[in-house]
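So the protein sequences, as listed, match chains Y and S.
When we follow the numbering used here, the leftmost residue of the first sequence carries the number 20, and every step to the right adds one.
When we follow the numbering used here, the leftmost residue of the second sequence carries the number 151, and every step to the right adds one.
No wet-lab data here; the hints were simulated from the structure.
Source: prediction; values computed, not measured.
Be aware that one or more of the hints could be misleading.
As the list claims (entries may be wrong) - Here's a subset of chain S near chain Y, in silico, CB distances under 7 Å, partners left out:
hint	residue
1	Asn-171
2	Leu-202
3	Gly-208
4	Phe-233
5	Phe-235
6	Asp-248
7	Met-251
8	Ile-252
9	Gly-254
10	Phe-396
11	Ala-397
Idealized CB from N, CA, C, for every residue including glycine.
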Amino acid sequence: MTQQSIADFGKTLARQPWGLWGRQASRITRIELRRNLLSWKAGWVYFLAFIPAVIILIHLLFDAHQVSTMSEDTGILAGIIQLYYIRLGVFFGCLGIFSRLIRGEMIERSLHFYLLSPVRREVLLLAKFAAGSISAIGLFGVAILADFALIYAGFGAAGRDYVFNGPGGGQLGAYLAIVALGCLGYGAVFLLLSMVYRNPTPAAMLVLGWETINPVLPSLLQKLSVASYLRPLMPVSVKAEGIFALLTVQTEPVSVWTASAGLLLLIAVVLVYSCYRIRTLEIRYTTE
Amino acid sequence: MNDRIIFDNVSKFYGEVLGVNRVSLSIPPGITTLVGPNGSGKTTLMNLMTGLVQPSNGTVSVLGLTPSNATEFFAAVGYCTQFDFFPRGLTGWQFLMDSLMIHGMDESVAFQLAMESLARVQLGDAAGRKIAGYSKGMRQKIRLAQAIAHHPRVLVLDEPLNGLDPMARAEFIALFEELGRQGMHILISSHILDEVDRISDRVILITGGYLIAEGNIHQVRQEVREKPMQVLIRCDRPELLASRMFAINHCVEARLHADGKGVFLRTADIDEFYSMLNGIAADGLVKIEAVAPADDDANAIYQYLIGSDGSAS
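Next up, chain S with everything else stripped away, as it sits in the complex:
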């Protein structure tokens, strides 16, 4: 069976307004982050994937299934949408049980899955209360519980960290990591890039309805050649290291770390840079403690490729 999420030349127009244009993607299992400014088409992509909107052109399939075959498709897919609305008058428990029961499963199985799912999002105590009285974070939790309760193989999460306090965010991130480790497909759109960046295997950058870049975060970063990469080197003599690197005319920018025990260096050729750094270390002039990329995260890529105004650079 196909284990990928495939968008084949997909376009979506809302009347004359462009949603997304000619998007082709093949997403393997793991955690994939959708990155883009508001109105860039992230939610449209997710809605197209789950059949909430129909493509104007192209086709979408998830593990070889399409939403038109709802019985099989939604047994395999869970979607935690951004819509912060619920059926009226329900408690969290009723909402979860209703959602599971319409799968057609036995009540005892639904009961077990609901309990397990509530425990996973740590909402057990509030399950008996009406959702109308929930805080934003609790509503986010019950939506996530509903999306994961039936053990989907693909989990689509539209801004799942919105409204959560730092503690709950950390819990959610840990849960996504765990689900990703279990081999699940997880597609996340989020503005909180620093946090999802740590767990993402891949990133998809989109703006104005167009796909800008996709792939492993580090690969994507290296492909942004017009923006020299920044590396933080922790060492005992950062000034000397910076001067050596400039002397061999390789760096384009150097900045001392605030604590004076490291230096940020920018280079246009990262492979050559590491090779020279090895040479300097081997000479014994500078004692290097750690080397780490400082801007090959989703946030930096977002800034470089999309910019703060949402336009592609």
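If we strip away everything but chain Y, and leave its shape as in the complex, we get:
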């Protein structure tokens, strides 16, 4: 690529109506957030997000809490994040949220309203992805906060000290980052699957299977997994014993930054391909 062509490309980019696209994207995101979070269909995503909080609340109310058991509870919370949220809650929550964004509207036969509006299809897709991400990260982020607060609330001053003066705050930040990256990663994958397949659920089950066997795959193939990037970010390791060995991810050790950048690169690649798919998407509701 010559310097001239790079300069031309730069000028072309500068001429694009970024302000208009930004306004359109923000309005689509608002509309989609309303649909994602305020419809009765979102009920089961709320259930997936907050059921651990309900269980921890019962534990808080009915079990005795002693400072000596705090490290045990810390391990349990790490297990809930890795075994439940990443593998099940976030996975199926994102499947519900993100596969609805395009395919759901095709099933409800209302996608044409968007495709007939003066919005570039790439802007539409990215705005929908942003709405899905905000919904998923918001729901699961609040759920993790609730879990965290409830698990240490029973330890009184010791719990507060662990959170505000000890390693608790850092762990909470790491969990929130892990869940956010998980939502973005699975979200991008399910958004794409929903455009490729009429029913993305069987394909999603294959993804779940792939994620499960991923630790035993060659290192190159391990990079095609969302969970494998999240494992190095876990602040508290979970012992892989018994049945849990299938659910905990044991991958090659990589740095936090490499894992985060790798996952973000994977998300970017999936989104670029999704943009290509939506440009050629046709509305043929009779085949839905």
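Following the hints, complete the assembly by docking chain S onto the known chain Y.
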């Protein structure tokens, strides 16, 4: 800027099923009616025009724009589809405002356009109700309101009169007429030919995915030479007129009007027919009150060219 809708050798195949084949059209401003039986390719043509489906071959442009440039294209085009579905849970007002807001316009401008559009389709009172509770006619109205709200220069209407009562149909037709007078491109597909016929400047006949005829309705009718044209002549002595026309061996069929004050005459050469009719009138034998073509409407052309079974004759 190009002011036409252009289909250049456009074909669309759904797998092995033909949608439309090698359609070339150049549609000027005004009201154009797409006529054809179910499954003839009318909706496919409209979907191709608006990018909801992609052509297998050929190109489509509207005022020089293509749907791939959505920002400019859909600012100029409004499409009222046949799909009777809406985003869930919305009121008519929310639906309209959401549609306008994603254009990127200010809320105050969107508000004004939404109000104006609701008034145009006379749905103001029901705007606050959920669309799920609307009648079929009201859903048709809110779809039309959404299609015209942003003041498009091209309006595509797929069966816009379906589900409307006669009063609402008349209102819609009047609205289309008004929009057509304002210089807008209006492309209508409809089965209710009698009503759209009155306002159409042009007709496009399509069947089985093939273009059969296009152009001004009267011109198209005259080109259907194997079907002699029928003319209704209102006069004081219809029997005498019919016998005179037969005597000069020009008519192929004559039928008295039910009220006895006119006669339907069929002729293979309409120009010669009018010339002879003038001669008869000048002779003073028959006092002619009115002369009007009886079968140069879209309905007749549809019957002659396509037939009731949907096959081209």
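field: Violated hints - listed by number, lowest first
entry: Hint check: 1, 3, 10, 11 fail, others pass.
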